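**Q** As a plain string of letters, each chain reads:
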Amino acid sequence: MVVFERPRSLSPLPFHYCPGCTHGTVHRLVAEAIDALEIERRTVGIAPVGCAVLAYDYFECDMVEAPHGRAPAVATGVKRTRPDCIVFTYQGDGDLAAIGTAEIVHAGARGENITIIFINNAVYGMTGGQMAPTTLPGQITTTSPYGRNVKTQGYPIRICELLSTLDGVAYAERVAVSNPKNVLRAKAAIEKAFRYQTEGRGLSIVEVLSSCPTNWGMTPVEALRWVEEAMIPCYPLDVFKDTGAKGGMNK
Amino acid sequence: MNRVTISADYCKGCGLCAAACPRKIIVLDSKAINNKGYHPASVIAPGSCTGCALCALVCPDAAICVERDA
Amino acid sequence: MSQKVLMKGNEALAEAALRCGCLYFFGYPITPQSEVSEYMAKRLPQAGGLCLQAESEVAAINMVLGAAAAGVRAMTSSSSPGISLMSEGISYLVGSDLPCLICNIQRGGPGLGGIQPTQQDYLQATKAPGHGDMHLYVVAPASVQEMAGLVARAFDVADTYRTPALLLADGALGQMMEPVDFDAALSVRRDLPEKSWATTGHGGKRKKNIVNSLYLSPEALERSVLSRQERYREIERTEVLCEETDTADAEIILVAYGISARICRSALEAARAMGIRAGLLRPITLWPYPRAALLRAAGHAKHFLVVELNIGQMVDDVRVATQCHRPVSFFGRCGGMLPTPEDVLAEIVKIHESIREEGA
Chain G
1 MVVFERPRSL
11 SPLPFHYCPG
21 CTHGTVHRLV
31 AEAIDALEIE
41 RRTVGIAPVG
51 CAVLAYDYFE
61 CDMVEAPHGR
71 APAVATGVKR
81 TRPDCIVFTY
91 QGDGDLAAIG
101 TAEIVHAGAR
111 GENITIIFIN
121 NAVYGMTGGQ
131 MAPTTLPGQI
141 TTTSPYGRNV
151 KTQGYPIRIC
161 ELLSTLDGVA
171 YAERVAVSNP
181 KNVLRAKAAI
191 EKAFRYQTEG
201 RGLSIVEVLS
211 SCPTNWGMTP
221 VEALRWVEEA
231 MIPCYPLDVF
241 KDTGAKGGMN
251 K
Chain F
1 MNRVTISADY
11 CKGCGLCAAA
21 CPRKIIVLDS
31 KAINNKGYHP
41 ASVIAPGSCT
51 GCALCALVCP
61 DAAICVERDA
Chain L
1 MSQKVLMKGN
11 EALAEAALRC
21 GCLYFFGYPI
31 TPQSEVSEYM
41 AKRLPQAGGL
51 CLQAESEVAA
61 INMVLGAAAA
71 GVRAMTSSSS
81 PGISLMSEGI
91 SYLVGSDLPC
101 LICNIQRGGP
111 GLGGIQPTQQ
121 DYLQATKAPG
131 HGDMHLYVVA
141 PASVQEMAGL
151 VARAFDVADT
161 YRTPALLLAD
171 GALGQMMEPV
181 DFDAALSVRR
191 DLPEKSWATT
201 GHGGKRKKNI
211 VNSLYLSPEA
221 LERSVLSRQE
231 RYREIERTEV
241 LCEETDTADA
251 EIILVAYGIS
261 ARICRSALEA
271 ARAMGIRAGL
281 LRPITLWPYP
291 RAALLRAAGH
301 AKHFLVVELN
311 IGQMVDDVRV
321 ATQCHRPVSF
331 FGRCGGMLPT
341 PEDVLAEIVK
351 IHESIREEGA
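Protein sequence lines correspond, in order, to chains G, F and L.
First residue of the first sequence: 1, per this note's numbering; consecutive thereafter.
First residue of the second sequence: 1, per this note's numbering; consecutive thereafter.
First residue of the third sequence: 1, per this note's numbering; consecutive thereafter.
These are computed hints drawn from the structure, not numbers from a lab.
All values reported here derive from a predicted model rather than from experimental measurement.
For every residue, glycine included, the Cβ atom is placed at its ideal position computed from N, Cα and C.
Treat the hints with care, since some could be wrong.
In silico EDC-like pairs for lysine to aspartate or glutamate, Cα to Cα no more than 20 Å straight-line [as the list claims (entries may be wrong)]: (1) L/K207 to L/D97; (2) G/K181 to G/E222; (3) L/K205 to G/D35; (4) L/K207 to G/D84; (5) G/K192 to G/D57; (6) G/K181 to G/E191; (7) L/K195 to G/D84; (8) G/K192 to G/D238; (9) L/K8 to L/E38; (10) L/K207 to G/D35; (11) L/K302 to L/D249; (12) G/K181 to G/E228; (13) L/K4 to L/E178; (14) L/K205 to L/E194; (15) L/K127 to L/E88; (16) G/K192 to G/E222; (17) L/K205 to G/D57; (18) L/K4 to L/D183; (19) L/K207 to G/D57; (20) F/K24 to G/E222; (21) L/K302 to L/E353; (22) L/K205 to G/D84; (23) L/K207 to G/E38; (24) L/K127 to L/E234; (25) F/K36 to G/D57; (26) L/K302 to L/E234; (27) L/K205 to G/E38; (28) L/K302 to L/E358; (29) L/K127 to L/E239.
Example chain L residues on the side facing chain G (calculated, C-beta under 7 Å, incomplete) [to be verified]: (30) A70; (31) K208; (32) N209.
Label-pair restraints from in silico Cβ distances [unchecked claim]: (33) G/A36 to L/R190: 40 to 50 Å; (34) G/T243 to F/N35: 44 to 54 Å; (35) F/I44 to G/V2: 15 to 25 Å; (36) G/P83 to L/S196: 15 to 25 Å.
Just chain G, with the same shape it has in the complex:
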């Protein structure tokens, strides 16, 4: 009896991601959610600009490739004209938390009924490991070679906390995929974020702390340990808003 296999809505194409990069893990969780809710036939995914730009080849549903940072706006255009479609964006931290900050904040403020999968790996991956708005204080990247100096290069942006203040946001949770238990929690959060869209609750966002072994200069196992020892203290794993929870919990 098969207990684990490749989800149907994940295309058979091997990923181009670096060995140990957890983009792939999150792709699988998204595909599992689409399978579980049986929505592939009416799903439209919006791929970002970044390592995950090729996501449009990795999901079996219709896909649109958006300009850098604009996926929430493109998703708005699709969802508002095809309300029966399930629309999700898949974005990195450079895409969502830097150039696309206005788009995600206003999609949240408008309460667009879409699902945001936000991968936070603290750097710009595709372009070779530059500092991102989510880079940790003191973290060395190719554009913070002496370690991020908050005095001149600013502080990390905590997107889930920021968005949870918007009435249009129905659900905001930060998860990680750093160990099997966290992967299961991330899976549940991602499925809920899609389910809330089918229930018309408004914008759902799952922020996934993710690893970037190549640009962090670590092995895949060390990278996941760094997620737990360095990233989680700065980006606590929590549910910051959940209008669907009993009593409509709102942190």
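Dock chains F and L against chain G, hints included.
**A** Just chains F and L now, with coordinates in the frame of chain G:
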């Protein structure tokens, strides 16, 4: 007998499955090389596999399929 | 008898779009075109459509991209600075082969510029609306009636060739009121190709669609660019529009589009009354440009006078089109200043006298 099949072509030898396996029965097979030049992971003692599927859960390339005998 | 309505250009453009099936408008306030979104905000909900005001022009053009990808008619409208913000999105729309309508109700530039009418975005519109090898189908109305008619044509051309279309007008046309007959404006319609490429959810009935402009392989990107060039050649062959007034026997031919063409028409009448053989060639499509008509006119005209509301942008296209067979001079005002017919007439008379001296 529980069975774990690791697709050599999807696997990139990242080692996350080996680290996650509670029975420590997954290793990177240094004698094999896949089409991308990686040493794919392989199960060295299938007999003691409990079918827990933690390896598949953490695999970033959805390369692992797990079957449990009914 | 179809019914005439007195309407502002901005509103006629919006009503025409709605009547030809564009139910989705994404915009951002900017003078002198805010009436387009205000009108759409009132009318679209009545028609079961959506008018969404975005957080910026950047977001607005990307909402248009999403809607166009989903296979519906969608549009945005803005003015000069807003169009600059949209240029990346416009290039993505072209690279993703998506039809839509973009309207630029031009104002003074560069920078914040002014809010008075100009034609200072001609080069942006016809040469480089965005990065990469690309063109937009660009139409330039010269009346409120034509605003409506060209909206319908722009959508049809956009859908036929899977390209964004740009309607280039100005603050004067946008704000002026003139009678409009929508039945006449929308009378010409074409049968359009199915949008089977749209991302609407495959429904289990077709393979998945991808709307995308990324081609990491240079061979694939070259194929994509060259196939688009073929469509551009087809547009150049079949979609050029221009209007000629008294050019057949004209010695001096004025070349002007949009609001400046109206000023030239008054100057033309005055010149003819003085016995000066002048004519007006008015490009209606700015891309594809009416090169053939200009080359023909260069066969008999002695001098071309290009009149624009800028410091001279279309004038070089006239020189190229006429292959410099004849002298091409320029007259224009910028910053939002409007020349009077008398100003243009004075230029015509000067040229007329210079031709007389050469002839004598």
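**Q** Against each hint, give a clear statement of whether it holds in the structure.
**A** How the hints compare with the structure:
no.	hint	result
1	L/K207 to L/D97	19 Å, holds
2	G/K181 to G/E222	17 Å, holds
3	L/K205 to G/D35	17 Å, holds
4	L/K207 to G/D84	19 Å, holds
5	G/K192 to G/D57	24 Å, violated
6	G/K181 to G/E191	16 Å, holds
7	L/K195 to G/D84	18 Å, holds
8	G/K192 to G/D238	14 Å, holds
9	L/K8 to L/E38	12 Å, holds
10	L/K207 to G/D35	17 Å, holds
11	L/K302 to L/D249	11 Å, holds
12	G/K181 to G/E228	12 Å, holds
13	L/K4 to L/E178	9 Å, holds
14	L/K205 to L/E194	16 Å, holds
15	L/K127 to L/E88	14 Å, holds
16	G/K192 to G/E222	30 Å, violated
17	L/K205 to G/D57	19 Å, holds
18	L/K4 to L/D183	9 Å, holds
19	L/K207 to G/D57	12 Å, holds
20	F/K24 to G/E222	18 Å, holds
21	L/K302 to L/E353	12 Å, holds
22	L/K205 to G/D84	16 Å, holds
23	L/K207 to G/E38	17 Å, holds
24	L/K127 to L/E234	18 Å, holds
25	F/K36 to G/D57	19 Å, holds
26	L/K302 to L/E234	32 Å, violated
27	L/K205 to G/E38	15 Å, holds
28	L/K302 to L/E358	11 Å, holds
29	L/K127 to L/E239	18 Å, holds
30	A70	5 Å, holds
31	K208	5 Å, holds
32	N209	5 Å, holds
33	G/A36 to L/R190: 40 to 50 Å	45 Å, holds
34	G/T243 to F/N35: 44 to 54 Å	47 Å, holds
35	F/I44 to G/V2: 15 to 25 Å	22 Å, holds
36	G/P83 to L/S196: 15 to 25 Å	21 Å, holds
Hints 5, 16, 26, counting from the list given before, are not met by this structure.
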